[in-house]
Each structure stands twice: as C-alpha cells, then as structure tokens.
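With these hints in hand, go ahead and build the complete structure from the sequences.
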Amino acid sequence: MKKVKLFSFALAALMLGACSSEDGIDNGGQPQWNDKGKGYINLAIQLPTQPSTRANDNFDDGTPAEYEVKDATLILFVNDVVNSAYNMDLNFSPEGTTTDNITTTAKITQEINSVSGDIKALVVLNNNGLLSIAEGGILNVNGAAATGKSLSELNDAVKTAIGTDYSWHDDGLLMSNAIMADAQGGTVDPTSANVVEPLVTIDGSKIFKTKAEADANPAATIYVERAEAKVTVKNGANGTVTDGSGLTYTIDGWALDNTNQTNKLVRDVTDFTTWKAFKATRSTDYRFIGGTAIASGLYRVYWGDDYNYNTTGVGGLTTVGGEHATLPDVNPANGEYAAYCFENTTDLANMLEQNLTRVIVKATFNGGTEFYTVDGDRSDIWQVADVKKEVAARLLNDVTFNAWAKANVDQGKALSSDTDFDVTFSTEAAGKRTVATIVLNESGKGKLKADAAEYPTNAATLANDHITLEYYANGVAYYPVYIRHFDETQTPWDATYETGNSIYANKSDEYLGRYGVLRNNWYEINVQSIKSLGDPNVTEVTPEPVDKKESYISVDINVLSWAKRSQNVDL
0 MKKVKLFSFA
10 LAALMLGACS
20 SEDGIDNGGQ
30 PQWNDKGKGY
40 INLAIQLPTQ
50 PSTRANDNFD
60 DGTPAEYEVK
70 DATLILFVND
80 VVNSAYNMDL
90 NFSPEGTTTD
100 NITTTAKITQ
110 EINSVSGDIK
120 ALVVLNNNGL
130 LSIAEGGILN
140 VNGAAATGKS
150 LSELNDAVKT
160 AIGTDYSWHD
170 DGLLMSNAIM
180 ADAQGGTVDP
190 TSANVVEPLV
200 TIDGSKIFKT
210 KAEADANPAA
220 TIYVERAEAK
230 VTVKNGANGT
240 VTDGSGLTYT
250 IDGWALDNTN
260 QTNKLVRDVT
270 DFTTWKAFKA
280 TRSTDYRFIG
290 GTAIASGLYR
300 VYWGDDYNYN
310 TTGVGGLTTV
320 GGEHATLPDV
330 NPANGEYAAY
340 CFENTTDLAN
350 MLEQNLTRVI
360 VKATFNGGTE
370 FYTVDGDRSD
380 IWQVADVKKE
390 VAARLLNDVT
400 FNAWAKANVD
410 QGKALSSDTD
420 FDVTFSTEAA
430 GKRTVATIVL
440 NESGKGKLKA
450 DAAEYPTNAA
460 TLANDHITLE
470 YYANGVAYYP
480 VYIRHFDETQ
490 TPWDATYETG
500 NSIYANKSDE
510 YLGRYGVLRN
520 NWYEINVQSI
530 KSLGDPNVTE
540 VTPEPVDKKE
550 SYISVDINVL
560 SWAKRSQNVD
570 L
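Heads up, the sequence shown stops at 570 in numbering that gives the first Met the number 0, and the numbers go up one at a time, no gaps.
All clues given are correct.
BS3-like cross-link-like pairs, simulated, lysine-lysine; straight-line CA separation at most 27 angstroms:
id: 1; residue 1: 148; residue 2: 69
id: 2; residue 1: 412; residue 2: 388
id: 3; residue 1: 388; residue 2: 431
id: 4; residue 1: 444; residue 2: 388
id: 5; residue 1: 412; residue 2: 444
id: 6; residue 1: 431; residue 2: 530
Calculated directly from the structure, the hints in this document are not laboratory data. Predicted model, so just to flag it, every value in this text is computed and none were measured.
Shown next, in the form of structure tokens:
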C-alpha cells in the first residue's frame, strides 16, 4: 500500500469540528505524493473548555487531568467511509482565555497513506482501549476492522465495544470531533443555522511531498469535545430543615445514578433542524445554539441525540434505586470531586424520571442513630424504643385484640404498651419495615388469668393493620436530584403555567432539554437547603415527569467549559 504524509493540522481542544486553511504553495489543487507514495498534512487540534453555570457560553477549562492527552488517533474517511488510521504524537500548549472556548492547542504534521477521493478527518484523543491500529493503517474497533464503515456505523461499532464500567475516562477523558453550527444563537434567532458536520474536510492541495512544505501550510483546524459529562456537588446546607420540624442534619455526600450505558464516539444531532431555533415564551434565549463564537462563523450546539433518545422503559440505564436500596459509599460534596458519565438526553415525551440521570444526595439525621417514621409523617422521628411502645399501643386498640385482652387479663389489671410487650421488626436494610413479632413478656404474662386463652397468633398481622413504618438506618435519608440541562431562565416551568393533565403540554419549544446531561458539559449542583426529611432508601425511578407540585430539596445546578451549568437545590 502506498503511503503519504498527512497535512499539518492543528487540533483545538474545544467541542466542535471545523476546517480552515491558509494560502500556500500552488500545487494545482491536487495532493502531492513523494516517490514513496507518501505525503504530509499539517493539522491544528484544539481541546475544549466546558460550558458552565447554567447559561450557555459560560466556560471553564477544568482541571489539568481533564485535558490531558495520553494518546491520539487520526482516522481518515475517504468518500465518507473509514479508509485508514494513524497514531499521532501530540504536545498541547495552553491557549485562550477564561472566557473563550479553547483550553489547549496542538499542531502536528502527520504522514498518511496515499488516497484518492473526498478526504475527511476524525480525531480521537484518549481512546481508552476502544481503538487500535493494525499494520497498513487499518483501524480496529474492539479487535474488528472498521474499514469501509460510515461515521454512523463507526458509532455503532464503538457502542458494542463499551465495557461493563460504562465509562470513557479511566485512561484520560475520551475526546472526538465536535458538532458546531454556522449561525449564532443565544439572543439571535438561529433559524438559518446549519450543522457544521464533525468530519473535517481535508483540502487536497494541502497534502505535500515533504514535511517542510506541510509545516508551512496548515490544512485544517479540528475542534474536539469530551465525550462525557462532568458532575460536581457542593454542600452549603448543613443545619436545620426548613419545614419547622426542627430536625437537624449533615450532608454526607452524593452519587450519580440512572446513568447511560451507551454512548456515541461522535455526537449525533439528527433532529437539529427541529429544535435549533426553539425558545421558550418566557425566555429571551435561543438555548440550543451558543451566542459566543468559537471561531468566525462557528458556534457551539447545546443538544444531541443519544441511543435511547426517544425510547421509554427499555433499560440501558444503571440505577441503584430500590425499595430498600442504600448507598454505603458516596462522593464528597466539596464542589471539587467530579464524577463523569455518558451523555443522556431525551425528547420531550420521554423526559421522565426513568430516562434521566440524577444525583442522589445522602444526609444524616438524629446524630447518625437509627430511627423510624410512623404513618408517613416525616415531621417527627421515632427512636426504636418509642416506636415499639407505639406498636403495642396500636395493638391494644385493635378491636379483636382488645376483646381477647378483656377476656383474659385478671380483674383489676391492665396490659401496658410501655412495659408488657416484646416487639421485633423485619430486617430490611432501610425503607419500609413491618412488625415481625409482638408477644407478651414476663410482665405481661403475669397479668393473665390462670386459664387464659392462647395469645393471638395473628398479633403481628393485627399490629401491621394499624401502623406503617419507615426505617432510617444510621439516621440516613436520601434525596434524588434530577440534573437540569437548561435552567429556569431558558426553560421556565411552574405548575400554574400549563393546565390539564400534561405537565409540559407537549410543548417542545418551551421545555425540550430542561433535563438531561450532554457531553462536554459540566453540571455543578449546589445544595442550598433541606426542606424536610427525605427518603430512608434510594427511591426507584418512575415513569413520571420530574416536575411536580412539591419538592423537598433546594438545589442550584450550573452546567460548566467544559460548558458549565450550575443548579441550586433545596432538598
């Protein structure tokens, strides 16, 4: 196979794909191959910042580890299918400011095989073992050749190669060509906007016989974005709940939940023309396209379609929720510890709890000592000894048991709920518990007639008919926070806005993207207060919308550049 040295290119760590060129040597507009069948191209690769702080175009470079590049792969498409691939040795240098879109930039002159046809480039940084290159520049995905695959087919091949940890950050955050628009959004109506496709066209006239010629004539600039979302949680809420019950608490930490198990190597914006110009009536923001240019005529796109975008209840998400589920280990809520996950987006019809990624906040009440709540009243907590007495009192008031007691207790004596019963409960780790046994102890037995009838064998059943118990192991309560992508200024919602049974009234222009997580976005959740006692277990996700008339945690979520988004929450 003939080889050619690829053009020199700059790779910019950003989140979009674009191309640019400069005037250079006149080679008749055709690639130049040397006598060994090789050529050179010069590329610039730019790494992204992360959009942040709940509004679009708020950027943050993140930590050095988040833009560290451990390996780099250049994939060439010829006539829109994979042709060949190359390992690149990149050295990135810091570039840009805290208000732009670019974190670091690398420039490289790369050797490529001789090809003919329409040439396009895809760059993957930190492939985390998904990709390898065989002799002759053959791209392998999970050990299988990807030659001849379209970008969509390459996405599908990568999907099947995802391991069971469902992550692309163990060996550096995976990055790939970003999606952009060619018209401004934000305060400007982007109806005329088109997608700038992620595959970057390589100008054949910028492929040269020698490295020196390519060095002097850059062929393209490629913008990349991180293929995962970032989440941090900051606690500012230790104290007393705000419902007037006087309960005090401390925040222990948090964990991601209901995260996606699939991802695409390159972001998909299939429905771009549908949502590109959506703007809520009560907002001034055309939220799906940024208002700050990455480069001339290039703007960020703030949405995308994942593999389960418009499906409901088909699995594909990892959740720990359950009737008795707990979280022994959580991340510190210091605003610095970050967790990463695959993007998880939905259309409006499927913007339901069971399809959305959430954070579980863990808090401790009662000084870390176990307790119960009774009959769903979370304004009052019951110590174990007290709830046992209450169970006995409820049993004594049961008509059937009370009749037995009247017939079998000695005259002048009465059974006491405080002293005459032994009570045990079921042993679930947390959540709903029931009375397992309730029997008379020696004190209680001493009050019975000599010829008393047998103690009711259904006493526990009778007690359970009169009381509902929730068990808080180690005093721990949990609060689910579904991560908002667009904030209240972009997708304002209130229970009074829509009438009828539908929470969102099928208004995608108003509410699409209100919840979800998107690659290269940093979601910063600030816990501001806790309204009341939460759940004793990590609750299951439901097929219901997130927005309801009541909530119990107050948070603020900022999506950080990364694009950074912040979300304040009151729990």
